[in-house]
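In this note's numbering, the protein residues as written are 1 to 371.
Honestly, the hints are just simulated from the structure, not real lab data. Be aware that a few hints might be false.
[Said to hold, decoys possible] Computed Cβ-Cβ distance ranges for the label pairs, DEER-style: (1) Ser90 <-> Lys260: 40 to 48 Å; (2) Gln184 <-> Arg363: 22 to 30 Å; (3) Phe83 <-> Leu150: 51 to 59 Å; (4) Val345 <-> Phe83: 13 to 21 Å; (5) Leu316 <-> Leu44: 51 to 59 Å; (6) Lys260 <-> Ser180: 41 to 49 Å.
[What the hints assert, rightly or not] Below, a list of computed lysine to any residue pairs in the SDA-like style, where the Cα atoms sit at most 20 Å apart: (7) Lys260 <-> Ser163; (8) Lys36 <-> Gln214; (9) Lys295 <-> Thr4; (10) Lys260 <-> Gln164.
Don't be surprised by glycine CBs; every beta carbon is placed ideally from N, CA and C.
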Amino acid sequence: MKRTQPSFLQAMMLIMLSVGLISHVLIIPALLSAAKRDSWISVLLSAGPLVIFALMLAYVSRFLQHQTLHDWLSSHLGKPVGFLLRVGNSLFFLCVIYFTLRDTTNWAKTNYLTETPVIATTIALMALCGYAAYKGMRSLAFTAGLILPLVVLLGFYVAIVNSQYKDYNRLLPVLEHGWSPVFQGMIYSLAGMFELLFLWYIQPHLAKRIKLWQYLMLALIMVGLTTGPLIGAIVEFDPYEAAKMRYPAFEEWRIASLGKYIAQTDFFSIYQWLAGSFTRISLAMYIVVEIWNIKSTSRRMVTCASLAIFFILSMLYPLDDITFTKILVDYIFPYNLVYLSGFAVLATIVAFIHSRQHRRKQRHGEGETPD
1 MKRTQPSFLQ
11 AMMLIMLSVG
21 LISHVLIIPA
31 LLSAAKRDSW
41 ISVLLSAGPL
51 VIFALMLAYV
61 SRFLQHQTLH
71 DWLSSHLGKP
81 VGFLLRVGNS
91 LFFLCVIYFT
101 LRDTTNWAKT
111 NYLTETPVIA
121 TTIALMALCG
131 YAAYKGMRSL
141 AFTAGLILPL
151 VVLLGFYVAI
161 VNSQYKDYNR
171 LLPVLEHGWS
181 PVFQGMIYSL
191 AGMFELLFLW
201 YIQPHLAKRI
211 KLWQYLMLAL
221 IMVGLTTGPL
231 IGAIVEFDPY
241 EAAKMRYPAF
251 EEWRIASLGK
261 YIAQTDFFSI
271 YQWLAGSFTR
281 ISLAMYIVVE
291 IWNIKSTSRR
301 MVTCASLAIF
311 FILSMLYPLD
321 DITFTKILVD
331 YIFPYNLVYL
341 SGFAVLATIV
351 AFIHSRQHRR
361 KQRHGEGETP
371 D
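Construct the entire structure; sequences and hints are all you get.
Listed below in structure tokens is the structure:
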């Protein structure tokens, strides 16, 4: 019996959980620090470059079909260049795993597991993520379809419940300090949104190729995922107060209540965060395995287990939150933007050259006449 392949809807849910975590959790503090009150303008202006980026992704997808990204690149650029790209992308996704894991365990320790050793939280999370990555894309996509709806419902719930605390006058005046902070904020917002590129690794496992309108729709959803909680943080807490917070989006849960007698509902934020971090880490682990074309069941199991153990051990190295945040904001986010942009441009150039060569061969074939 043929196994059902994931649909675009499930792939979209996978991306929303994975990229949604960085847009909600990691990006917003950096945005507020850079652009303060005008940070929401940075996100809206990011829609322009993101649409262009989505067009590039859709163009390359036409040539990928059901071929893996790195097999396709190696066939056109040669094995040595293909190998270097595999190494570079592997390092990128390993960084995704590390920084997501570090931030998740730090947040758990400071918010609700204050007496639990970080290593215990790390082992539990990495065991689940390693197993999910081992089971493959089909399991990841179906799991995302199960856990995302509640994440979305909780997001709308906290936005509606906190309406009583919102003062939209806090969004004004705009451009108080000129355009420079706005453009600086765009670096951070685009660093998260450009992770839409993850779809290239998901497409070979889908029932149908991802179409242009689907890329554009998901790009607009990415803008919304950042704009919603960002504006919420500004109008509820004031931009300068929100900029001092480590996790502004999740501070919104601390003032949300459920009816007259339930004043604390921030436990819902635990589900939201863990749903995103589980999906993001699992997907990144799976992509690392996929980059190196590890098909054997036993080798996949060993690779996923080795990655899980490596990152569990990496959490033993002490890293204070101030240093962690500085590394993330000053180095990782700008690097992500440059790397994802450069990789997308390279793949687009390869696809364009391949298209030109293919058309030239077709014209040459049509021009030939039999003797």
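Proposed proximity, Thr4 with Lys295 (alpha carbon, max 20 Å): It holds: about 19 Å lies between the C-alpha atoms, which stays within 20 Å.
Agreement of Lys260 and Ser163 with the hint, judged by alpha carbon distance not exceeding 20 Å: This hinted pair holds, its Cα atoms lying about 16 Å apart.
Leu150 and Phe83 - C-beta distance against the hinted 51 to 59 Å: 42 Å, violated
Satisfaction of hint between Gln214 and Lys36, Cα-Cα up to 20 Å: This hinted pair is violated, its Cα atoms lying about 32 Å apart.
Distance restraint evaluation - Ser90, Lys260, Cβ atoms, bounds 40 to 48 Å: 53 Å, violated
Whether the CB-CB distance between Gln184 and Arg363 falls inside 22 to 30 Å: Violated, at about 48 Å.
Pairwise beta carbon distance, Val345 to Phe83, judged against the given window 13 to 21 Å: 20 Å, holds
Hint check for Ser180 and Lys260 - Cβ pair distance inside 41 to 49 Å: Given about 47 Å between the Cβ atoms, the range holds.
Leu44 and Leu316 - C-beta distance against the hinted 51 to 59 Å: 42 Å, violated
Distance restraint between Lys260 and Gln164, which requires alpha-carbon spacing of 20 Å or less: 14 Å, holds
The structure fails to meet hints 1, 2, 3, 5 and 8 from the earlier list, while all remaining hints are met.
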